[in-house]
Amino acid sequence: MIDLRSDTLTRPTEAMRQAMARAEVGDDVYGEDPAVRALEERVAGLFGHEAALFTPTGSMANVLAVGSLVRPGQEVICESSAHIARAELGAHATIGGVTMRTWTGQRGRLDLPAVRRMFAPDMGPFFVPTAAVSVENTHNFAGGAVLPIEDLRDLREWADGVGAGVHLDGARLWNAHVATGTPLVEYGAIATVLAVCLSKGLGAPVGSLMVGGRDAVDEARVRRKRMGGGMRQAGILAAGGLHALDHHVDRLAEDHEHARLLAEACGLDPAEVDTNIVVVERSDATEFVTRAGEEGVRVSVVGPTTVRMVTHLDVSRADAERAAAVLARL
1 MIDLRSDTLT
11 RPTEAMRQAM
21 ARAEVGDDVY
31 GEDPAVRALE
41 ERVAGLFGHE
51 AALFTPTGSM
61 ANVLAVGSLV
71 RPGQEVICES
81 SAHIARAELG
91 AHATIGGVTM
101 RTWTGQRGRL
111 DLPAVRRMFA
121 PDMGPFFVPT
131 AAVSVENTHN
141 FAGGAVLPIE
151 DLRDLREWAD
161 GVGAGVHLDG
171 ARLWNAHVAT
181 GTPLVEYGAI
191 ATVLAVCLSK
201 GLGAPVGSLM
211 VGGRDAVDEA
221 RVRRKRMGGG
231 MRQAGILAAG
241 GLHALDHHVD
251 RLAEDHEHAR
261 LLAEACGLDP
271 AEVDTNIVVV
281 ERSDATEFVT
291 RAGEEGVRVS
301 VVGPTTVRMV
311 THLDVSRADA
321 ERAAAVLARL
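1 is the number of the first residue of the sequence shown in the UniProt record's numbering; add one for each residue after it.
It should be emphasised that the hints constitute simulated quantities derived from the structure, not laboratory data. Model, not experiment: these values are computed from the prediction. Do not take every clue at face value.
[Said to hold, decoys possible] Restricting the straight-line Cα-Cα distance to at most 25 Å, the calculated cross-link-like pairs of lysine to aspartate or glutamate (DMTMM-like) are:
id: 1; residue 1: K225; residue 2: D3
id: 2; residue 1: K225; residue 2: D215
id: 3; residue 1: K225; residue 2: D27
id: 4; residue 1: K225; residue 2: E32
id: 5; residue 1: K225; residue 2: D111
id: 6; residue 1: K225; residue 2: E24
[Claimed, not checked] Simulated restraints on C-beta separations:
id: 7; residue 1: R153; residue 2: R22; range: 38 to 44 Å
id: 8; residue 1: R153; residue 2: M118; range: 15 to 21 Å
id: 9; residue 1: G31; residue 2: R298; range: 40 to 46 Å
id: 10; residue 1: A328; residue 2: R226; range: 17 to 23 Å
id: 11; residue 1: E186; residue 2: E219; range: 36 to 42 Å
id: 12; residue 1: E24; residue 2: F127; range: 48 to 54 Å
id: 13; residue 1: K225; residue 2: A325; range: 47 to 53 Å
Note that the Cβ used here is the ideal one computed from N, Cα and C, for glycine as well.
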């Protein structure tokens with residue numbers, strides 16, 4: 001079975017398992033786990049920020065990151081199909097007391113004029129004040145689309161001028177980095193805080209990080225414990241992340257190439273596939289998924305007429321070619 005439902009399905013390689021087994025560990029809640037500290041310091045440095053915080057999940061990293069900018073009763077503005085709005089089960093409202101307003105962008109793109117129109121300054125007891133803008137790069141439900149770095153720079157410049165924070169949901173930011181060649185530190189420069197994931201394309205079994213200033217991360221460390229995210233000998237997991245950073249970033253280009261094969265098989269223009277996600281609109285989406293599964297290819301339904309397929313570490317070139325042949329017949 002070739003499983004294209006998500007890149008979260010990746011399994012640790014043997015080399016990663018060995019690195020995890022060798023990890024020197026301590027109690028991370030006490031700040032004494034060497035592997036966790038090494039991972040946090042490394043990721044913070046990659047993005048040019050002061051600190052980072054290891055979390056069990058990407059959703060937790062996002063909740064902590066947004067919560068460092070937006071207080072209860074304030075709002076964050078984001079794109080209407082953003083992961084924080086669509087797939088985090090209302091966590092920002094239920095845990096952080098954060099409200100959201102959204103714009104709808106073409107393939108998830110930033111619409112800065114719309115954001116400017118929506119922005120609400122603090123006017124006391126009249127309107128919900130806007131504290132931050134969130135962008136997602138790459139954009140999951142927009143088919144792994146990459147947001148141009150120029151747009152993100154413009155956003156940060158405007159946000160600084162009005163006193164708003166910028167949250168970057170970078171669960172698949174590694175893919176954007178590889179696809180465009182944009183240095184990670186340049187993505188870090190456009191974000192007040194960001195979240196990145198290790199357990200998607202990079203292939204680690206568990207883990208994300210919130211990245212930001214020292215004060216924001218220190219506060220988030222307390223909130224992480226309150227949310228049940230304080231892990232003890234987490235260095236075993238952090239070691240998997242360190243291995244992934246050493247060995248699995250550049251190879252993401254292979255996933256992007258495989259995704260273009262799938263897109264072409266589905267009748268799409270492969271040039272419009274930026275990274276490792278292919279989204280296909282079909283009126284028979286559910287039936288399509290069932291028939292593909294019967295022929296040994298798992299894909300997922302992410303909307304009434306929308307099918308998604310995601311390439312990853314466990315999908316070889318031969319797997320991608322075989323899946324493409326199946327999809328072309330359907």
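Taking the hints in turn, this is what the structure says about them:
Straight-line distance between C-alpha atoms of K225 and D3 comes to about 34 Å, which puts the hinted pair past the 25 Å bound. Our distance criterion of 25 Å between C-alpha atoms is met by K225 and D215, whose separation comes to about 16 Å. Distance hint between K225 and D27 is fulfilled; the C-alpha atoms sit about 13 Å from each other, no more than 25 Å. Between K225 and E32, the direct Cα distance comes to roughly 15 Å. Compliance with the 25 Å bound is thereby established for this hinted pair.
Using a Cα cut-off of 25 Å, the hinted pair K225 and D111 is violated, with the two alpha carbons roughly 36 Å apart. Among the hinted pairs, K225 with E24 is consistent with the structure: their alpha-carbon atoms are about 22 Å apart, no more than 25 Å. As the Cβ distance of R153 to R22 is approximately 41 Å, the hint placing it in 38 to 44 Å holds. The hinted range of 15 to 21 Å is satisfied by R153 and M118, whose Cβ atoms lie roughly 20 Å apart.
Separation of G31 from R298 is about 41 Å and conforms to the stated range, judged on CB atoms against 40 to 46 Å. Separated by about 50 Å at the C-beta atoms, A328 and R226 break the suggested range of 17 to 23 Å. The beta-carbon spacing between E186 and E219, approximately 26 Å, falls outside the hinted interval of 36 to 42 Å. Between E24 and F127 the Cβ separation comes to about 52 Å, which falls inside the hinted range of 48 to 54 Å.
Distance hint check for K225 and A325: the Cβ-Cβ separation is about 50 Å, which falls inside the suggested range of 47 to 53 Å.
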